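Read top to bottom, the protein sequences are chains A and B. Here the numbering used here is used: position 412 in the first sequence is 412, and no number is missing along the way. Here the numbering used here is used: position 4 in the second sequence is 1004, and no number is missing along the way.
Be a bit skeptical, because a hint or two may be false.
Claimed, not checked - Not the full set, but computed from the structure, chain B residues with beta-carbon under 7 Å of chain A: (1) N1027; (2) I1029; (3) M1038; (4) T1045; (5) F1046; (6) L1047; (7) F1061; (8) A1073; (9) I1079; (10) I1081; (11) S1082; (12) A1095.
What the hints assert, rightly or not - Derived Cβ-Cβ restraints for the label pairs, each shown as a range: (13) S272/A - T1024/B: 30 to 38 Å; (14) A1071/B - Q186/A: 22 to 30 Å; (15) T1024/B - A200/A: 53 to 61 Å; (16) T1004/B - F468/A: 51 to 59 Å; (17) T350/A - A1071/B: 29 to 37 Å.
Bear in mind the hints are in silico, worked out from the structure with no lab data behind them. These numbers were taken from a predicted model, which means no experiment stands behind them. Ideal Cβ positions, reconstructed from N, Cα and C, are used throughout, including at glycine.
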Amino acid sequence: MTLHPLLEPGWVQAILPELILSAGGMLLILVDAFLPRIKGILAPLALLLFIAAAWAEALISRGGIYFGGTYEMSPITALFDLTFLLAGMLAVLFAREYLERENMEGGEFYALLLWGTVGMMMMAKGLDLLLIVLGLEILSICIFVLVGYNRRAPVSNEASLKYFLMGAFATGFILYGTALFYGATQSTNIGVMTRWFSGAQSTPLLTVAFVLLMSGFGFKLALAPFHPWAPDVYQGAPTPVAGWLSVAPKAATLIALVRLFNAMGPMLPKVSWMSMVAALSTLSMIVGNAVAIVQRDLKRMLAYSGIAHVGYMTIAMLTVRDDSVAAITVYTIVYALMNIGAFGVVSLLTKNENDPHTLDDIAGLGFRRKFYGFALAICMFSLSGLPPTAGFIAKFYIFKTAIESGHTTVALVGILTSITSVYYYLRVVYYLYMKEPAEGSTPAMFGGIFATGALTIAIIGILGIGIFPAQLFQAAGNAARILLRQ
Amino acid sequence: MIPTHYFLVLSAILFTIGVLGVLTRKNGITIFMSIELMVNAVNLTFLAYARQFHQTHGLIFVFFIMAIAAAEAAVGLAIFISLFHHRDTIDVDEANLMHW
């Protein structure tokens, strides 16, 4: 027996982005260790590596299934990979000046972002539960360290501890669910499982496996009632990390779940599993939006709003169709732009990291620092779903597909809670432009070319997708059709 | 040959003990030990099924889970040490700087 048949021709191209990011992470650490004098090039180097990976992803990789049917390259994985890369790039841009200000820049910070992205790519492309779990763990371990990166700040430590214990606990559930699926279907390969599900009857074992898996992934997605870690972790984590963490891992988990739900497709009408998912989604939208209203800490407010947004995205998963998958894809891209942008502006506030960043800190910001205020306002308009921003079109599409697939009640809850959410998003805009700052209490803003560049990308993206959404939706729709045809 | 479901019942019991440990214990290390117990219960499940199906697939999965658990332990203990520096305790109830 040889390993030869496992390596189909073209396998290097298939994993080229992952190879670039993995090797690049090591390079960054080595540069930091041996050439500390040129520390300034770490962030540009990390950016360059992200761009190289995006180039490999978009232009070099060819579609197909590699590594003995366990690794798939297709348009939908390319779209999600580019989303992860975009999120990573925005995080690096915001982190550069943040880390400089906090005096803790190091190669390992960027390396962990790169490796986390590799984990997410494995989750998106993996056609085997083993690869999905492995990708999830690579990602989680990077996040544990990134959240606690500010070792001198007690809040950062505490956030790291909470995420570590919760994350490891959730991993236990995901693994047990995987084991029981293996027991029921005799395989962990998604392709084999798809064939098995098309002729099988539901058993209690399968239901238990699904519940375990869903609660584990629910933790990772911060779906209510598995959400309580999210606000604490986002508050304690370094702010650029919090922005990245609130977007990218959720996108990776969603695409893995879409794949799994697609494999289970023939069985789903016979069982009530999807009503559990609908309940999670409804609860997330209600809890997230209701608690966000009373938050005065910006990072915690964004955390609760993130719980609500995952609720919206989960609506589209209730029926896996090509337009619902397209809606999720577009939503994750838009969410990456607007949420990392919002966290990015918060990260520019020069404050002791142990203190909360409250609404009072941004009072009058729209006049003091016009560009940052404008960027935060655009992100808030987009998060609340007001036209002509991309947030509106993404949300509209989610609710439209939900109603077309017959999930009217959940969609109605989504629309109503989304209207409520306008209150707390626009409260931020109110503080930005209509509130006088209290004397001498507002923190300075520390930002330079990197943060400004990242915010420019976010604003152009939000307005561009909001005004010309057709092309992106078409690309996402085509990609989704290819995914579901298999 | 011992029937497969004996192993499955044992691993379900171990997993439940692990979950209860996580929910009731206060010490960070003890919680982490309970999580390890959950993971090992999963390993037992995989091994039992792999033996029943005469496959190597489940066995390979176990190796990966062991690697994952080891990596998690390394990072986790570092986090506990860093927390201990600030607080002189790793009691998770003491980790309460943030609340809603």
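May I ask you to test the hint 29 to 37 Å on the CB atoms belonging to T350/A and A1071/B? Hint holds: Cβ distance 35 Å, inside 29 to 37 Å.
Hint validation: T1045/B versus chain A, beta carbon distance must be below 7 Å. Holds or violated? holds, 4 Å
Min Cβ distance, I1081/B to chain A: is it shorter than 7 Å? For I1081/B, the interface hint is violated, since the closest Cβ of chain A sits about 10 Å away, which is over 7 Å.
Quick check on the hint: S1082/B CB to chain A CB, less than 7 Å? The hint holds - S1082/B has a Cβ within 7 Å of chain A, the shortest such distance being about 5 Å.
Does A1095/B pass the interface hint, meaning its C-beta sits closer than 7 Å to a C-beta of chain A? With Cβ-Cβ at 5 Å, under 7 Å, it holds.
Mind checking the CB of F1061/B against every CB in chain A and telling me if the closest is under 7 Å? holds, 6 Å
Using the nearest Cβ pair, does F1046/B come within less than 7 Å of chain A? holds, 5 Å
Could you check if A1073/B really has its C-beta closer than 7 Å to a C-beta on chain A? violated, 9 Å
With a cut-off of 7 Å on the beta carbons, see whether L1047/B makes it to chain A. violated, 10 Å
Between the beta carbons of S272/A and T1024/B, is the distance compatible with 30 to 38 Å? At roughly 31 Å between Cβ atoms, T1024/B and S272/A fall inside 30 to 38 Å, so the hint holds.
22 to 30 Å was suggested as the range; check whether the CB atoms of A1071/B and Q186/A agree with it. Holds, at about 28 Å.
Take the shortest C-beta to C-beta distance between N1027/B and chain A; is it under 7 Å? violated, 11 Å
In terms of the numbered hints stated before, the structure departs from hints 1, 2, 6, 8, 10 and 15, listed from lowest to highest.
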